[in-house]
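2 protein chains.
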Amino acid sequence: MYKLVLESRYDGTDFVGFQIQDNGRSVQGVLEEALREIYKTDIDLTGCSRTDSGVHAACHVSSADVPFFIPSEKVPLALNAVLPPDVAVKSAWYAKEDFNARFMSLGKRYIYRIYSSPVRDPLIARYSFHTPYAPDISLMKEAASYMTGTLDYASFCAAGGSQNTTVRTVTEVNVTEDGKIPGLILIEVKGESFLYNMVRIMAGTLFYAGIGKISPEEVKMLFEMPDRKKAGKTLPACGLTLEEVYYDKERWMVQL
Amino acid sequence: MYKLVLESRYDGTDFVGFQIQDNGRSVQGVLEEALREIYKTDIDLTGCSRTDSGVHAACHVSSADVPFFIPSEKVPLALNAVLPPDVAVKSAWYAKEDFNARFMSLGKRYIYRIYSSPVRDPLIARYSFHTPYAPDISLMKEAASYMTGTLDYASFCAAGGSQNTTVRTVTEVNVTEDGKIPGLILIEVKGESFLYNMVRIMAGTLFYAGIGKISPEEVKMLFEMPDRKKAGKTLPACGLTLEEVYYDKERWMVQL
Chain A
885 MYKLVLESRY
895 DGTDFVGFQI
905 QDNGRSVQGV
915 LEEALREIYK
925 TDIDLTGCSR
935 TDSGVHAACH
945 VSSADVPFFI
955 PSEKVPLALN
965 AVLPPDVAVK
975 SAWYAKEDFN
985 ARFMSLGKRY
995 IYRIYSSPVR
1005 DPLIARYSFH
1015 TPYAPDISLM
1025 KEAASYMTGT
1035 LDYASFCAAG
1045 GSQNTTVRTV
1055 TEVNVTEDGK
1065 IPGLILIEVK
1075 GESFLYNMVR
1085 IMAGTLFYAG
1095 IGKISPEEVK
1105 MLFEMPDRKK
1115 AGKTLPACGL
1125 TLEEVYYDKE
1135 RWMVQL
Chain B
885 MYKLVLESRY
895 DGTDFVGFQI
905 QDNGRSVQGV
915 LEEALREIYK
925 TDIDLTGCSR
935 TDSGVHAACH
945 VSSADVPFFI
955 PSEKVPLALN
965 AVLPPDVAVK
975 SAWYAKEDFN
985 ARFMSLGKRY
995 IYRIYSSPVR
1005 DPLIARYSFH
1015 TPYAPDISLM
1025 KEAASYMTGT
1035 LDYASFCAAG
1045 GSQNTTVRTV
1055 TEVNVTEDGK
1065 IPGLILIEVK
1075 GESFLYNMVR
1085 IMAGTLFYAG
1095 IGKISPEEVK
1105 MLFEMPDRKK
1115 AGKTLPACGL
1125 TLEEVYYDKE
1135 RWMVQL
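Residue numbers (the numbering used here), protein chains in the order written: chain A, 885 to 1140; chain B, 885 to 1140.
For the record, the hints were derived by calculation from the structure and aren't laboratory data.
Source: prediction; values computed, not measured.
Same chains, same label: a pair holds when it works inside one copy or across any pair of copies.
Using 30 Å as the maximum straight-line C-alpha spacing, the simulated DSBU-like pairs for lysine-lysine come out as follows:
hint, residue 1, residue 2
1, K1064, K1025
2, K1117, K958
3, K958, K1097
4, K1074, K1064
5, K1133, K1064
6, K1064, K958
Please model the entire structure based on the sequences and the hints provided.
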């Protein structure tokens, strides 16, 4: 057996999320089907995270035990030939046998895209949340400055999570303008791990700060006296993209 | 009657093109339906160009006679509320009564997007042509330098056009790299008017120049001794976006 690691990209629009579920088409299901075609046997993938229905990935990592060796540079080509247009494997590598894409992840980077314009734009609608409001970027930046650290993110957690603690470490929250597309605002969030819907609620809170519905000081208070009801709403899944997943590759990668 | 001008954006993926046709959903059909809902009467739109099935528009212009006045800044909001997600009206203005979006156009700007990467990317696949080849940008630029002027573009015209002459004026052909997305190559083409499939065949020819299938000098020859068979293939519609349409607004626009 070989421990294969896949870095994949997908357009989440027509998926129920990464993880296999009864109620529809999942990225995991589609990837496992492609692996079955190549390896001629059932393969169980472990994903770095579930991702919600509609959330996109520029890089999602999953791992599996495969029965025989294929050179890592050939794996994407073999899989992409059988995968549907909305999923592709970007690259592959081999890991030590006790590697697990979920538990060995050191952190993740997400981008939430807000498109602020009086009119919507069909050419970016799949990958952004459209709002006719014009958020004040400096207020968003100020609110974002309170969101990093090892803090209690209970205010930014949807009901339904099964975690023991709501304390998480977020290392970066950057609010920037795209530059190329006027009105497109990028919220970049980097952290070790995240609660259920956490990035979308953080984005919603920064959006509320930008339009004056909540002050930067009130955002600070959300960490001192956690209250989900006082944070912003959960912004739509389509605006969120998982951009990167971090691993200690020196420790885990093997050259075969 | 008022002469209304609409600047619209659309994701061409699920359309047979701009113009109404028997064989499927058209942008014109969808826009006319929205106009009917607002103005409560049948409205005939005239588009600046047909655009092929699958081609996108960041700005497509069309005009129509409408029976009553709505402030131009309210028109996009009224129409966007009833339009489907893949079409939106960006802005609207009023013109003198003999304005016609097709005949008064002074020129258009298109961008053709080529994504050069060993693996495809589902997040940009709708708006680009994927190739595993890595074209040489300097060869593409050199070939592009022969493509501007008032020239015979017969080598870049698909069968089925009904024009009297294949002479056209192209003012700019620029080949650049996107910068943000590695491997994304942009071919920008600006001209007065275009033959059937002309931009897609020009893009195909520049692509062939980039991968060494045709030399820049041979591209120059295509204008001296026109031969469709010696030009590059017609690249897929999904890579093409109509970016801008030019009018003499000082001459045609009216303030109501």
